[in-house]
Amino acid sequence: MDLAYLAAGIGAGLVVIGAGIGIGRLAASAMEATGRQPEATGDIRTSMIIAAALIEGAALFGLVICILLAIKS
Amino acid sequence: MNISYSSLKSIFILFFTFTIISFIAFPNNSFAGGSGEDEGKVDIVDKVVDHDYVDFYFLGKLKLPKFEPVTIAGITFDFSITKSLFMMMLVSVLLVFVLYVAASSNKKNLVPKGIGNFIETIVVFVRDEIVIPNMGKDGVKMLPFFLTLFFFILFANLFGLIPFMAQPTKNINVTAALALIVFFVTQAKGIQANGFFGYCKGLVPHGIPTFVLPIMIVVEFIGLFTKPFSLLMRLFANITAGSIIILSLISLIFIMSYAGIVIAVPFALFIYLLEIFVSVLQAYIFTMLATLYINMAVHQDH
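In the order they appear, the protein sequences are chains A and B.
Here the first sequence is numbered in the working numbering, starting from 766 and rising by one per residue.
Here the second sequence is numbered in the working numbering, starting from 113 and rising by one per residue.
None of these hints come from the bench; they were simulated from the model.
Among the clues, some could well be false.
As the list claims (entries may be wrong) - Pairs of lysine-lysine, DSBU-like flavour, derived with a Cα cap of 35 Å:
#, chain 1, residue 1, chain 2, residue 2
1, B, Lys339, B, Lys249
2, B, Lys253, B, Lys178
3, B, Lys175, A, Lys837
4, B, Lys225, B, Lys253
5, B, Lys173, A, Lys837
6, B, Lys301, B, Lys339
7, B, Lys339, B, Lys313
8, B, Lys178, A, Lys837
9, B, Lys339, A, Lys837
Stated by the list, open to error - One side only, chain B facing chain A, incomplete, derived with CB under 10 Å:
#, residue
10, Gly186
11, Glu241
12, Leu343
13, Asn350
14, Leu393
15, Tyr396
16, Leu401
17, Leu404
18, Met408
To be verified - Just a sample of chain A residues kept apart from chain B, beta carbon distances all over 10 Å, derived:
#, residue
19, Ser794
20, Met796
21, Glu797
22, Gly800
23, Ala818
24, Leu834
All C-beta atoms in this analysis are idealised placements derived from N, C-alpha and C, irrespective of residue type, glycine included.
If we strip away everything but chain B, and leave its shape as in the complex, we get (with noise of 0.2 Å):
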């Protein structure tokens, strides 16, 4: 016990001093913008947005393939691999692997130890404290949903605190499509559960007066699409904030020059470590809502 945590703590160590180094040290390379024209210029919207190359800094940029935009049914599809993209993959391509190796070793090992361990708490963290207080018993039937849910923005969220790498979440695409999905499976566990006409009967609280029904179908009607929405803007703009915090405060160092290192330094360090803790809020949150809109969508009564 007390060799993984002081080994994990040097870890910390190491990756907090690289990603200050790579920040401090490569100032001109990080934030000249590309062109030669805005040379020292810091551009905030160029940090938040999609681009078709991984900017790697000191050590060059990988330029990712394009392809030709396809047309299907008179909309034109872009099917270029973006920024975000990529690192959607190498998200994906890690999670299957370490929830992989997690799973292997607790087959083999008849008590969990190890990642196994690490992960089966997690695992039982989402059943536990999420699913089952929301959902009851039932839910338990969707735990393989929410814990896709859970892990995959967890893991997009971490992943961007690796220096040289971005949050796929940071783009507002792969957060209205988590929404999204989480939207389609509430319609879908709603009707299962009541029958299509009965879903949109409840839709509707029932023992209102006549008079007020057309103002009331339409507010739970808006309704329906405002809970998706703010799943997906309070993942985006968490995130967003954060980078863009992070990126206003070393930016100090530029207004201030050396005076300023002393107060940007540790104040993004702070905020590197808030991020830590948003991350694995932000998953738990929006794992923790979709939960209750989905048990809103079955139980209607209240």
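Next up, chain A with everything else stripped away, as it sits in the complex (with noise of 0.2 Å):
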């Protein structure tokens, strides 16, 4: 019973580690591309928010299964 918490902390952990390295990674190559190309930037900055909303949403499946960890235990 108690493990299930555990597991469910470990996990948000995770789900953390991995969307914030995702983002991260997106967001430094988005301003390199800023930096080289400036007029460009409105259409990176409107594929680099699709392309954050697509890993967030991953993010957010594992999440959820945390929460569902965390309750019905």
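Starting from two chains that each stand alone, build the complex the way the hints lay out.
Dropping the structure here:
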């Protein structure tokens, strides 16, 4: 029973690590691209937000499972 | 310009102070969970799930009407009005009222001003930044649909930030209904543009070897349903997470007594401001991905 709480906590941490690395790399590349081509800033920002939303969606699936674990136990 | 900005600021300050006070000043009523045995216990699930009453905390509870379950073709439907449904009705009424006022004021004034100007800015944003870049000029014909999606999600998300109110999008059924609408519109537009058999054939990318075809058909068929599923989960999880975080931060006061206020209130205020940003962002992303998916169904070549 208590292990479910532990699993939920560790799982949430891992999910945030993954999402953080993903969005961090995305933002780094987007800023580099903006630096190279400042005139394409708008397009880069739009596609960056879409990609960040997709990464966030994957992270939220994991978090929902963590919440389910914590509630069910 | 200056005057409207400062009045907006004062409204915001008043609004936040009221929220914080309503959370802090009446902790026992707000978090007692209703029944006597759970006195002083914070139940996160209780704050997230649907109820058949609207809790006005220290002002009492508003009981919503209950109807007898109806059985149609062996399936029982319960048409009772719940909190989410009640909030959705309020949002819809507010939406119709605000947009009607904006539209009629724009019809009256040759140069848009006031609320008409504000709403027009958002409409032009949706057209020029979301629909045209993703769908081209053809997408403008579907602009009313995307505007409806955008304004409903935006108003629903922001509505929950008003004290005593709740986001309808905090209920997974509401977001599921929105995603289902997008799913059916996607299929309909795809079939309309390519014909039924053309659409089914276009789902699988052509030019791939024959032996991977069985796998690809299954993968693409599942992919048809994961798109709306991720739409509904993203909106639901973002809004619910915001509520849970604010509640958890406020709960610090119960754990750490007076010292908790110093930590909890500024952090909760920060998350609250973040929630405004998230509300707009989620409405933007939902509409943006809906246009992307519909465009992918219409132009299947790439």
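How the hints compare with the structure:
Taking the CA atoms of Lys339(B) and Lys249(B), the gap is about 24 Å. The hint holds against a cut of 35 Å. Taken as a hint, the Lys253(B) and Lys178(B) pair is broken in the structure, with Cα atoms around 41 Å apart against an allowance of 35 Å. The straight-line distance between the Cα atoms of Lys175(B) and Lys837(A) is roughly 29 Å, inside the 35 Å bound, and the hint therefore holds. A C-alpha spacing of about 26 Å is found between Lys225(B) and Lys253(B), which places the hinted pair at or below 35 Å, so the restraint holds.
About 29 Å separates the Cα atoms of Lys173(B) and Lys837(A), which keeps this hinted pair within 35 Å; it holds. Taking the CA atoms of Lys301(B) and Lys339(B), the gap is near 16 Å; set against the 35 Å cutoff, the hint holds. The hinted pair formed by Lys339(B) and Lys313(B) meets the criterion: a straight-line CA distance of about 19 Å does not exceed 35 Å. With a C-alpha separation of about 29 Å, the suggested pairing of Lys178(B) with Lys837(A) holds against the 35 Å cut-off.
Taking the CA atoms of Lys339(B) and Lys837(A), the gap is near 27 Å; set against the 35 Å cutoff, the hint holds. Violation of the interface hint for Gly186(B) is found here, the shortest Cβ-Cβ separation to chain A being roughly 30 Å, above the 10 Å cut-off. Given the 10 Å rule on beta carbons, the hint for Glu241(B) holds: about 8 Å separates it from the nearest Cβ of chain A. Taking 10 Å as the C-beta contact cut-off toward chain A, the hint placing Leu343(B) at the interface holds, the least distance being around 8 Å.
Evaluation of the Asn350(B) hint against chain A yields a held restraint, the C-beta minimum of about 7 Å falling below 10 Å. At about 8 Å, the closest approach between the beta carbon of Leu393(B) and any beta carbon in chain A falls short of 10 Å, and the interface hint on this residue holds. For the restraint placing Tyr396(B) at the interface with chain A, the shortest Cβ-Cβ distance is roughly 8 Å, inside the 10 Å limit, so the hint holds. Interface hint status for Leu401(B): upheld, as the beta-carbon distance to the closest one in chain A is roughly 7 Å, under 10 Å.
Because the smallest distance between the Cβ of Leu404(B) and any Cβ of chain A comes to about 8 Å, under 10 Å, the interface hint for this residue holds. Nearest Cβ of chain A to the Cβ of Met408(B): about 13 Å, over the 10 Å cut. The hint is violated. Every CB of chain B lies more than 10 Å from the CB of Ser794(A), the least distance being 19 Å, so the non-interface label holds. Against chain B, the non-interface label of Met796(A) holds: every CB pair exceeds 10 Å, the least being about 19 Å.
For Glu797(A), the condition that its CB be more than 10 Å from all CB atoms of chain B holds, with the nearest at approximately 22 Å. With a minimum CB-CB distance of about 23 Å to chain B, Gly800(A) clears the 10 Å threshold, and the non-interface call stands. The Cβ of Ala818(A) sits about 5 Å from the closest Cβ of chain B, inside the 10 Å cut-off, so the non-interface label is violated. With a least CB separation of 13 Å from chain B, Leu834(A) remains clear of the 10 Å interface cut-off, as annotated.
Comparing the model with each earlier hint shows violations of hints 2, 10, 18 and 23; every other hint is respected.
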